[in-house]
Amino acid sequence: MTQRTRPDKRHSPNEMRPFYCSSALLSRADGSVRFKSGDSAVMCSVFGPMEVKLRDEKLDKAVVEVIFKTAAGMTTTKERMYERIIRQTLEASILSGLHPRTSIRVTLQVLTDDGGILSTALNAATLALVDAGIPLRSLAASVTCMIDDTGELLLDPTAIELERSASVHTFAFDNVSEGTLANMSTGLFTVDEYMRCYETCRLAAVSVQQLFRTSSEGKVRREYG
Amino acid sequence: MAKKGKKALEVRDLPPGEEAASSTTKTLVIPGDHIPIKIENSTGPARVRVGPGLHQEQGELVAVKAGILQQGSQNRWWVEGTQKRYVPALGESVLGIIASKHGEFYRVDIGAAHPASLPVLAFEGATKRNRPNLEVGSLIYARVSLANKDMEPELDCIDPATGKAGGFGELKDGFMVRCSLGMARRLLDPRSPILLRLAEAFKFETAVGMNGRVWVNAETTPHIITVARAIQVADGAAAGDVMRRVEQVLRTLDDFMDNS
Amino acid sequence: MDDSTPASVQNGMDVDTPPSVTSTPAVFSLDSETFKKIHPTEYHRRFLSQGVRPDGRTLSRFRKAKITVGAITTAHGSAMARLGETTVVCGIKAEITEPKTGAPRDGFIVPNFDLPPLCSPQFKPGPPSELSQSISEYINRVLESSKLLNLSDLCIEEGRAVWVLYADIVCLNYEGNAMDAAMLALVAALKHVRLPTATFYEADNAVRVKEQRTIPLKLSRTPISVTFGVFDGQFILADPDIEEEPHLSSQLTVIIEQNGGLCGMLKPGGSALGQETLTSCLEAARTRATHILGILEGALAER
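Residue numbers (the working numbering), protein chains in the order written: chain A, 1 to 225; chain B, 226 to 485; chain C, 486 to 788.
To be clear, the hints were calculated from the coordinates, so they are not data collected in a lab. Since the model is a prediction, treat every value here as computed from it, not as a measurement. Incorrect hints may have been included.
Label pairs and their calculated CB-CB ranges [what the hints assert, rightly or not]:
id, chain 1, residue 1, chain 2, residue 2, range
1, B, E395, A, R221, 32 to 42 Å
2, A, R196, C, G779, 27 to 37 Å
3, A, H11, C, Y686, 39 to 49 Å
4, C, K585, A, P7, 18 to 28 Å
5, C, T582, B, I322, 53 to 63 Å
6, A, H11, C, E615, 55 to 65 Å
7, A, P7, B, D466, 34 to 44 Å
8, A, P7, C, Q743, 30 to 40 Å
9, C, E615, A, D192, 30 to 40 Å
10, B, I322, A, S12, 36 to 46 Å
11, C, G541, A, L111, 36 to 46 Å
Think about it this way: if two alpha-carbon atoms lie no more than 16 Å apart in a straight line, the pair counts; the simulated EDC-like pairs of lysine to aspartate or glutamate are [claimed, not checked]:
id, chain 1, residue 1, chain 2, residue 2
12, B, K374, A, E217
13, A, K58, B, E377
14, A, K53, A, D39
15, A, K58, B, D375
16, B, K353, B, D375
17, C, K676, C, D653
18, B, K389, B, E329
19, B, K374, A, E57
20, C, K632, A, D114
21, A, K69, C, E615
22, A, K36, A, D113
23, C, K609, A, D56
24, B, K428, B, E377
25, A, K9, A, D114
26, C, K676, C, E761
27, C, K695, C, E580
28, B, K251, A, D60
29, C, K632, A, D149
30, B, K374, A, E163
31, A, K61, B, D479
32, A, K61, B, E349
33, A, K9, A, D39
34, A, K78, C, E622
35, A, K78, C, E761
36, B, K428, B, E444
37, A, K78, C, E615
Ideal Cβ placement from N, Cα and C applies to all residues, glycine included.
Using the sequences provided together with the hints, build the complete structure.
Below, the structure is given as structure tokens:
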């Protein structure tokens, strides 16, 4: 594999961008997180379990609502598709049966988009749910990778790298089950390439899970000494 | 079998300080972590009791919230984490605001997903003819008498041990502040350093609700503000920084008193 | 109650357990319709554990696919796709527009999928639902990223005039699996499109169109969408129908070509799927794609 520096000075195609997260930033929200992966940043707030509109009420579980807003604020079909993917991924993690007849609202606001925004948003949402103390079966961690026009696999590509992509793959894995929770792949690719992306993202998701642990630990240790 | 859900445990009986001392190491858990405690066929004194943040799944104990795994007396286990939204639990004392009046009950906002109902007869000495007179907007200190995830929570203002009011009922004057649920639990500890330090400076009264609301009253308004500010600055501060911030608030009070 | 007091049980007085418990246990049974209403998920689970689905299909069996092209005479290309009872119509209308300055030779294709209240009581009038918007968006991404059309083929005069293809995909009868039917109708309609020859005249700054002389679109490939439902995280159901959809723990859509090349994968959340399951779905999808292509070619030849 060629060792060439990536546009944002990363040395390896298998290297993720550094992440940062800071939680409990908003005083009114029950849980809030700002998650940053390189230059992609998403702010997420969680409200709930709170009162639900009678029309949406479910008698046996909590309703999960996801609102996805881009930096420009316009809601197009792209945002609705992201909302659907994120909502259905979170629904698999949230123990919604513990809070029937309530609503859990997850609002995602993109601050800056430099590639892999779906992954960044999903990771922000997971951390915000943890911050809000919503009971979760598992934690969903998401990673994006791409295959470029020369057939090389690049993990966590930036917007500039994505311009040369032959295919882009976003996966979500949790810390409990074997297999992928969510996946969106587009472009032209072979089964072998797909499986390579699956495996690479699965391994990378472990480091995102590690971040989830250290960030929760940092927060709790700080408050409890 | 261990109980599911939240009602098995009353954290109020066991102040957090005591737990921290009894558990040997502070284990941090995140959702999805398996807790290596045997819960199958545990009976008698060894019976495992499960509290908030833990869930039983296919015979195994799993963490569903992030926080410190705590063990209390009688093999009670729970996860102490940070949370702001209140989920009612049986026997907890809460601060509520009367939202509306109905024939037989009041509807009370306790900050949970659903408003709680408080029957007019759930007061000391209340009869069909002798009803309490609470207005919409009144602040009350009450006990959760019914907490079930499928039902609306219910409150009462009677201490079940004595049948007397025992401090429950309407809170007049004073001021209410909000804080995180963890902060409220720490304030309920009789050895809470924040309240002890404030008590050295002046006299005041508090009523702490497990729903993250604290009512404060003192002789003068600046004193009330001082207590309220102390709770707010301590909430969310790093553990080592809490007392320094409380001292700061107290100094502000001294400066104010000197100037006026 | 102990066994030495059968008398009190017999006469039914002050008995705190129902009499039926003691001697002949009454069989509590429900007819299948009632059972389905009360425990819909359990109803499906019992079928699937026997390796069969409520509509009689085996787990891996797809519904019958049917394609008709050229149903709408006023459109430049049209097709109707049916998967079982799910019916989707796609009409493609070509219009002339100015290209973007960044890409002066590129035309446009605008797919739009709609689930109107007509097709099922579960869809309400008003703005398009999250499901239909997601499908529109995903189809659009697949079209773009798989380079299905060479957009410069839609050029009439560089920088002045290009074709824009409005592909309106409408579901007429919804019986589940909208994605596969929508993709199939769209691809069939694109293969059916015949664009009129258009010439740009600089002098009067206008485009003249000859409707009688038409040319077909060149498609680089034929992507076929194949959807699987996952029930309880273990049963894989090919081509789930409307009865099964609400009880699925997850869905997986594979966009595949006959040669096994992939144009997209979509698993919008739900329970986890392992690598082995994915591999077996990919194999099943490839077989299905070959079958569908046969039907599609048959339909296009018939025209």
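Checked hints:
| no. | hint | result |
| --- | --- | --- |
| 1 | B/E395 x A/R221: 32 to 42 Å | 40 Å, holds |
| 2 | A/R196 x C/G779: 27 to 37 Å | 31 Å, holds |
| 3 | A/H11 x C/Y686: 39 to 49 Å | 57 Å, violated |
| 4 | C/K585 x A/P7: 18 to 28 Å | 25 Å, holds |
| 5 | C/T582 x B/I322: 53 to 63 Å | 60 Å, holds |
| 6 | A/H11 x C/E615: 55 to 65 Å | 41 Å, violated |
| 7 | A/P7 x B/D466: 34 to 44 Å | 41 Å, holds |
| 8 | A/P7 x C/Q743: 30 to 40 Å | 37 Å, holds |
| 9 | C/E615 x A/D192: 30 to 40 Å | 34 Å, holds |
| 10 | B/I322 x A/S12: 36 to 46 Å | 57 Å, violated |
| 11 | C/G541 x A/L111: 36 to 46 Å | 52 Å, violated |
| 12 | B/K374 x A/E217 | 29 Å, violated |
| 13 | A/K58 x B/E377 | 15 Å, holds |
| 14 | A/K53 x A/D39 | 37 Å, violated |
| 15 | A/K58 x B/D375 | 11 Å, holds |
| 16 | B/K353 x B/D375 | 29 Å, violated |
| 17 | C/K676 x C/D653 | 15 Å, holds |
| 18 | B/K389 x B/E329 | 20 Å, violated |
| 19 | B/K374 x A/E57 | 14 Å, holds |
| 20 | C/K632 x A/D114 | 23 Å, violated |
| 21 | A/K69 x C/E615 | 15 Å, holds |
| 22 | A/K36 x A/D113 | 10 Å, holds |
| 23 | C/K609 x A/D56 | 14 Å, holds |
| 24 | B/K428 x B/E377 | 38 Å, violated |
| 25 | A/K9 x A/D114 | 14 Å, holds |
| 26 | C/K676 x C/E761 | 34 Å, violated |
| 27 | C/K695 x C/E580 | 13 Å, holds |
| 28 | B/K251 x A/D60 | 35 Å, violated |
| 29 | C/K632 x A/D149 | 13 Å, holds |
| 30 | B/K374 x A/E163 | 50 Å, violated |
| 31 | A/K61 x B/D479 | 52 Å, violated |
| 32 | A/K61 x B/E349 | 37 Å, violated |
| 33 | A/K9 x A/D39 | 13 Å, holds |
| 34 | A/K78 x C/E622 | 6 Å, holds |
| 35 | A/K78 x C/E761 | 30 Å, violated |
| 36 | B/K428 x B/E444 | 8 Å, holds |
| 37 | A/K78 x C/E615 | 10 Å, holds |
This entry does not satisfy hints 3, 6, 10, 11, 12, 14, 16, 18, 20, 24, 26, 28, 30, 31, 32 and 35, going by the numbered hints stated previously.
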